[in-house]
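S.K.: For reference, the chains in residue letters:
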Amino acid sequence: MTVAGTPCFHCGEPIPRGLVIHARISGRDEPVCCHGCKAVAEFITGAGLGDYYRYRDASSSRADETPRPDRWAAYDRPELVERLTRAEPNGARSITVLLEGLRCAACSWLADKALSLQSGVLDVSVNPATARARLVWDPARVRLGDLLRVLEHVGLRPHPLAGEPSEQLALLERRSALKRLAVAGFGNMQVMMFAVPLYFGDAGGMDPTMREYMRLVSMLVSIPVALYAGWPFYQGAWHALRARSISMDVPVSLGIVLAFVASVWNALRGHGEVYFDSVTMFVFFLGLGRYIEMIARHRAGSVADALARLAPVTARRLRGGQAEDVQAIELAVGDELLVRTGEVFAADGVVIEGEGRVDESMLTGESAAIAKPPGAPVHQGTQNLAAPLKVRVAAVAGNTVLSGIVALLERAQAERPRLAKAADHAAAWFLSRILVGAAIVFAVWWYVDPSRAFSATLAVLVVTCPCALSLATPTALAAATASLARRGVLVAHTDAIETLSKATHVLWDKTGTLTKGLVRVEEVRPLAEFSTAQALAWAGALEQMSEHPIGRAFLASGKPAAAASGVEVHAGRGLEGRVDGRRLRIGTRAFAAELQAGQAGGPPSASLPGGDAAEESWVYLGSEQGLLAAFRLTDPLRPEARDCVAGLAALGLRSEIASGDEAATVARVAARCGIDTHAARLAPADKLARLKQLQAEGAVVVAVGDGINDAPLLRGADVAIAMGRGSALAQTSADLILVRDSLEDLPHTALLARRTQRVIRQNLTWSIGYNLAALPLAALGFVPPWLAAIGMSLSSVVVVLNAMRLSRGSQSRRRPEWPATPQPEVA
Amino acid sequence: MEILFVLIPLGLVLVGFGLWAFFWAAGDGQFDDLDSPGWTVLEDDAPRAPPAATERPDEAPPR
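Protein sequences appear in the order of chains A and B.
When you number the first sequence by this note's numbering, it's gap-free, plus one each residue, and the end is 827.
When you number the second sequence by this note's numbering, it's gap-free, plus one each residue, and the end is 1063.
Hints in this document: simulated from the structure, not taken from any laboratory.
Positions of the beta carbon are idealized from the N, C-alpha and C atoms, including for glycine.
Careful: at least some of the hints might be erroneous.
Stated by the list, open to error - Lysine to any residue pairs mimicking SDA-like chemistry, simulated, CA-CA at most 20 Å apart: (1) A/179 x B/1017; (2) A/179 x B/1025; (3) A/179 x B/1032; (4) A/179 x B/1023; (5) A/179 x B/1014; (6) A/179 x B/1026; (7) A/390 x A/336; (8) A/179 x B/1028; (9) A/179 x B/1013.
As the list claims (entries may be wrong) - What follows is a set of in silico ranges between Cβ atoms, one per label pair, in the way DEER data are often shown: (10) B/1027 x A/265: 31 to 37 Å; (11) B/1015 x A/772: 38 to 44 Å; (12) B/1012 x A/273: 19 to 25 Å; (13) A/261 x B/1012: 21 to 27 Å; (14) B/1015 x A/140: 58 to 64 Å; (15) B/1027 x A/341: 37 to 43 Å; (16) A/777 x B/1015: 31 to 37 Å; (17) A/139 x B/1030: 41 to 47 Å; (18) A/265 x B/1011: 23 to 29 Å; (19) B/1012 x A/171: 29 to 35 Å; (20) A/377 x B/1027: 43 to 49 Å; (21) A/241 x B/1001: 44 to 50 Å.
Please take these sequences and the hints and turn them into a complete structure.
M.R.: Shown next as structure tokens:
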């Protein structure tokens, strides 16, 4: 526990009471005042710049004069930025930043605008629902530190996310919002109590002294509500005005301040209307709406945070036979780690010693432990269950599978989808008109009936705030993304949810999707004078170079003889290369036989039975002397494949197989899954052609592939879904990734996409309809200020609650399976 | 009616007390987690001794 009054290790400011954050500086825990300081301090010392602090101690008085002069200085150093950020094409870098103080959609325009004005910024996408911004910039033209300073200047304190947990921050934000809400709520109740006798007293002839007294007490209670509970709105409005833009907070603050000041003035001079009830109600309901939105935002962000926190902070490194505890950030590729039983891997790596079993459920949702013999890859964030393992580090920091998943999630959440952008533009246009409209309403009423001018203007300002319009889309998408992520479906591009809801066809690549992709060599049939072992060894040598599941089957069934050289991949047909000085081909029968110049001769077909097993196929090994061997491969069908196809069909999605495999095999798999349309022996180009043909017929096509092997198909599809496991995750171009390696969730995902789309449509209809209906009523003076306050706040609350339905439904249905996964329990 | 001149300030003092209690509770973290404390009564074991590192690595000291 931090002793109150201890200064922050980094910035020297006093640490707020009750806050416990420590920075790990050369093995010691140093108290810091905030996560920003923690990150900076750790990066500065992590890069060997610890001397900086010695310098600071010597001139601590100067540091007081200019508080936090170096807050973003660390982000100006290229070597630090390189560690913290990800590389983008053309030398650009990208980073995800959590923006503290980003309270509504309006603030996101502010951040967007402020950053876009900087030269060297290539792309900014800010999502108000998750309070995250994704920045892409050119390091040659602008420094990251400068961009962060810009954000801080506009009142959005940036927190660069590099696997840094932001839960503490969310907690503090939530507590502070709760307190403001309580003040507004209690205050509102009190003022309402005094408002009733005031209203009735006017009719029943109340004692003037008592009336005066009630009004003054109302004022007294309203002061903390207007000043303390309403403070975030003024802050937001001030930052927006300073950046020369208009945010939602501007008309809101204008409404509160005008009504409050007029009421105080009238209460003090003893006559005229008071609006204390409207002011407190407005602040309370608006605060309530913001609070619910914040909860939704935190919930959406918590999945990525929980994943990011899986990575341990320390690791046990082996150096010269000696084990030493080091920080995970110090690890480099090639280091050897000792991971004891029960420990969590600090980096991606390869087992070099020990037979382990590893729980990968945090990454994949797969609850069964996975055996890890020497040579098997292990991933950061997974847990070693059995024997101690020696691991050679293969990837650290931003390059691990875990950080790939987190980056995908964050990118999806930070991306502003098309629909949301359109809504933002509409809202911005609307806002500027409201202010003009309010002025016109005031002027007109001034001529018609000056006594009502003020309340009508107030009603217009308050009732027409387009908060709901801006929130409609992002809240729904954030809820859907978070809900899917909990099921092990990662959404890499949020636009895909919209497209998926309109999909009509599903194009399957058979291997690895409908089937498990765990191909096994069941039988080897030599067709020439070689042993089966020899044939397997040659085949293994060739297939070593292949990423295809068939390649893995050969590797699993025997040690490859020697390295193959000059291996060429003939997509959809097979591989060719040199092993032991022989030219060899492995693949389809025709392909393998072709090597024997001109001869299509092969073994009698009687020796090559088709077999009745549903999931088998034959692969041939051929040399210049003719066919050498035939291998019977089996690939078990996924047990859930049939249900999945049926589930999709129930949603009106037609399934179709486009496979590179043999016709008989494909037909059998199709029959088993209940798929009518299937095409076999397709090269990737043929699959793409089939896809284009479907699209030309007006179909919206979902392609399901096993990751990198189907890249062209996935790139061409309207929605690309990949079965992702391991390192393929980071490279895939898919829109959706099924991390659990199961098709079970696919129909649900399609269903959820439709529900999301429906919710977005409802939200947009509701918010546009509300604003269009409320504006004329308020302008004509039919809406008293208190009703305007309720209407405006409720319209936002309705939108957010409607969106949250998406995350709620799936959560409860999933419950029974979650205990196997420790992720939600990480505290 | 004059009693209101006493009762209303008294009411306000009570409201102030309630707010103070709420602020204390919020600052103390009483509202941070509304779900899991309800489940703790259903757990069989009394508060456990510090778990062994082999069982729950997440709670091991380095974190």
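S.K.: I'd like to know which numbered hints this structure contradicts. Please list them from smallest to largest.
M.R.: none
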